[in-house]
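Dock chain B against chain A, hints included.
Residue numbers (the numbering used here), protein chains in the order written: chain A, 1 to 94; chain B, 1 to 467.
Treat the hints loosely; a few may be bogus.
What the hints assert, rightly or not - Straight-line Cα separation of at most 20 Å, SDA-like style, residue types lysine to any residue; simulated pairs:
| no. | chain 1 | residue 1 | chain 2 | residue 2 |
| --- | --- | --- | --- | --- |
| 1 | B | LYS167 | B | LEU200 |
| 2 | B | LYS454 | B | SER428 |
| 3 | A | LYS23 | B | THR239 |
| 4 | A | LYS60 | B | GLY418 |
| 5 | B | LYS22 | A | LEU12 |
| 6 | A | LYS60 | B | ILE54 |
| 7 | A | LYS60 | B | MET114 |
| 8 | A | LYS86 | B | LYS370 |
| 9 | A | LYS23 | B | ASP369 |
| 10 | B | LYS455 | B | SER428 |
| 11 | A | LYS86 | B | HIS26 |
| 12 | A | LYS86 | B | LEU35 |
| 13 | B | LYS294 | B | GLY451 |
| 14 | B | LYS370 | B | ASN415 |
| 15 | B | LYS294 | B | SER284 |
| 16 | B | LYS292 | B | LEU447 |
| 17 | A | LYS23 | B | PHE381 |
| 18 | B | LYS22 | B | ILE6 |
| 19 | A | LYS60 | B | ALA302 |
| 20 | B | LYS292 | B | GLY418 |
| 21 | B | LYS292 | B | SER430 |
| 22 | B | LYS455 | B | ILE258 |
| 23 | A | LYS60 | B | ALA66 |
| 24 | A | LYS86 | B | GLU364 |
| 25 | A | LYS23 | B | ARG32 |
| 26 | A | LYS23 | B | GLY147 |
| 27 | A | LYS23 | B | LEU36 |
| 28 | B | LYS28 | B | ILE258 |
| 29 | A | LYS60 | B | LEU35 |
| 30 | A | LYS23 | B | ASN415 |
| 31 | A | LYS60 | B | LEU55 |
| 32 | B | LYS306 | B | PHE381 |
| 33 | B | LYS261 | B | ASN415 |
| 34 | A | LYS86 | B | LYS22 |
| 35 | B | LYS28 | B | ALA302 |
| 36 | B | LYS454 | B | ASP343 |
Quick caveat, the hints were computed from the structure, so don't treat them as lab data.
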Amino acid sequence: MDIISNLTIFVLAIFVGWEVITKVPPILHTPLMSGSNAISGITVIGALLASGTGNAELTKYLGLAALVFATINVVGGFLVTHRMLKKFQKKEQK
Amino acid sequence: MSASVINTAYLLAAVLFIWGLKGLTHPKTAVRGNLLGAIGMLIAILATLAAQQILNPLLIIVGLAAGALIGAILALTIQMTAMPQLVGLFNGFGGIASVLVAGAVLLQVMGIAMGGGPRPGMQELVATAASGLIGAVTFFGSLIAFGKLQGIVTEKPVRYTGEQIVKIIVAGAAITAGVFVVLNPGETQYYWILAGIASLLGILLVMPIGGADMPIVIALLNSYSGLAAAATGFVLNNTALIISGSLVGASGIILTNIMCKAMNRSLANVLFGGFGAVDSTTISGDEMYAGKVKSTSAEEVAMILKTAQRVSFVPGYGMAVARAQTPVRLLTEAMEADGISVDFGIHPVAGRMPGHMNVLLAEENISYDKLREMDQINPDFPNTDVVIVLGANDVVNPLARESSGNPISGMPILNVDGARTVVVIKRSLSPGFAGIPNPLFAAENTLMLFGDGKKVMEDLVGAYKEA
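Isolated chain A (complex conformation) (with noise of 0.2 Å):
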């Protein structure tokens, strides 16, 4: 794809990004900083193929590094944020 065609996708996407969270209300900034980071974490699927489809040695282990980092990121990020959103949630079944 052409580099005018990504940073389309990249200007948009900041734009909508940017209309979405800030009706974020205070309250949920730490599960939004939580939970955005989760999604962040998307570059495992950079991890995956650099492991997953990496022929020479050394690219093959750098993969396998980052893929490990950005389970982390994505299961731990999803995880807690999922601990945290209960809590909030709790009190309106009170």
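Okay, now just chain B, sitting in the frame of chain A:
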């Protein structure tokens, strides 16, 4: 699987991320929002695995299992008070993953190019350098932030003469190394030199920043981790990475902005100036407090609370440090049982990350509709019988209302001094992070309740129940 199928899967993942973030705009929908995000991630991962011819399946299983295990243990065992450290650490992991992926891909494509394959284009090379630079700054900056929050590295700003020049030189060196990467992609060692210099830059940028500015730093590093992922997306020509990375980049910048506004400081001032740039020696605490500070006891406060109709708590980082949330909840419940209306005034920068206080209070089952923002609660203070300030200082300092002359001038604060009685729970009269005394402590309507936050609150609960 064809390219259009996998790209459709990525589009679906991106939609789920946006939808998920939208869910976070209300506590009711937030859990579902987070789950949608997780499902989006799962779809993206499965599609990637299905689309590629996987040469090293064992490696992938090991990597995913190890990461999932470590991540789950961290997420499930962490105490809520330690949340800022954990989020800081996760930011860093996202950053280092980007550094490693871009490096691995560079090795791979240059290997192919040596064998007569196509050479990477300008976009890919610039993006590789950007991934290495932003990712390494994020990783080492986050490690220092983690260290500061965990108490391994000093929370005080580490400043030295020539600091700005050192930072500029290192930043210049990093950019130069980036240019080398783009011009000589075959010499892959330049990439690792770039990552090394950027790591040093990350350390230098965060070391001079003090503990109370951590909410801003964590938010900014959050944004960087997103931008690093987006840059890696440009390396791989992968739209899922570009979209998710820019969503997170925007989110982090918004939070950074909110935090800066709440401190009435520019981002440049936080990163390069810091407190101490304004001369604050003109105000002496001893003079301000002499003969005016009234110390009180838990029993006396309990008596005042008994006759109150409206009570507000103003928690700060001190509450988190003392782990005083549980007695706060107990006292809240006891007062509400007596028909007293209780709420919480939360300054945007209270604590060590955005929204820190809300999470701690939510953990104690304190309903979120009692947690009120600064602008919401400020008009109510004049009708409030008692405000209990617990472990907060600069965010309730009336000196901030003066237009100039001190480090917090112009910072929006909680105007607790307008309440009928203010009870300040604090270990001593020592100044807060801004290093200036607080006239609130000497005010006519203020009572100081000295001691450890948790111990004092427990005494207060006991005294209230007996009163």
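Results of checking the hints against the structure:
no., hint, in the structure
1, B/LYS167 with B/LEU200, "9 Å, holds"
2, B/LYS454 with B/SER428, "15 Å, holds"
3, A/LYS23 with B/THR239, "25 Å, violated"
4, A/LYS60 with B/GLY418, "63 Å, violated"
5, B/LYS22 with A/LEU12, "16 Å, holds"
6, A/LYS60 with B/ILE54, "12 Å, holds"
7, A/LYS60 with B/MET114, "18 Å, holds"
8, A/LYS86 with B/LYS370, "17 Å, holds"
9, A/LYS23 with B/ASP369, "17 Å, holds"
10, B/LYS455 with B/SER428, "14 Å, holds"
11, A/LYS86 with B/HIS26, "13 Å, holds"
12, A/LYS86 with B/LEU35, "12 Å, holds"
13, B/LYS294 with B/GLY451, "14 Å, holds"
14, B/LYS370 with B/ASN415, "18 Å, holds"
15, B/LYS294 with B/SER284, "18 Å, holds"
16, B/LYS292 with B/LEU447, "10 Å, holds"
17, A/LYS23 with B/PHE381, "26 Å, violated"
18, B/LYS22 with B/ILE6, "24 Å, violated"
19, A/LYS60 with B/ALA302, "65 Å, violated"
20, B/LYS292 with B/GLY418, "18 Å, holds"
21, B/LYS292 with B/SER430, "15 Å, holds"
22, B/LYS455 with B/ILE258, "34 Å, violated"
23, A/LYS60 with B/ALA66, "16 Å, holds"
24, A/LYS86 with B/GLU364, "12 Å, holds"
25, A/LYS23 with B/ARG32, "17 Å, holds"
26, A/LYS23 with B/GLY147, "32 Å, violated"
27, A/LYS23 with B/LEU36, "18 Å, holds"
28, B/LYS28 with B/ILE258, "23 Å, violated"
29, A/LYS60 with B/LEU35, "31 Å, violated"
30, A/LYS23 with B/ASN415, "25 Å, violated"
31, A/LYS60 with B/LEU55, "10 Å, holds"
32, B/LYS306 with B/PHE381, "18 Å, holds"
33, B/LYS261 with B/ASN415, "17 Å, holds"
34, A/LYS86 with B/LYS22, "17 Å, holds"
35, B/LYS28 with B/ALA302, "35 Å, violated"
36, B/LYS454 with B/ASP343, "19 Å, holds"
Comparing the model with each numbered hint stated earlier shows that hints 3, 4, 17, 18, 19, 22, 26, 28, 29, 30, 35 do not hold.
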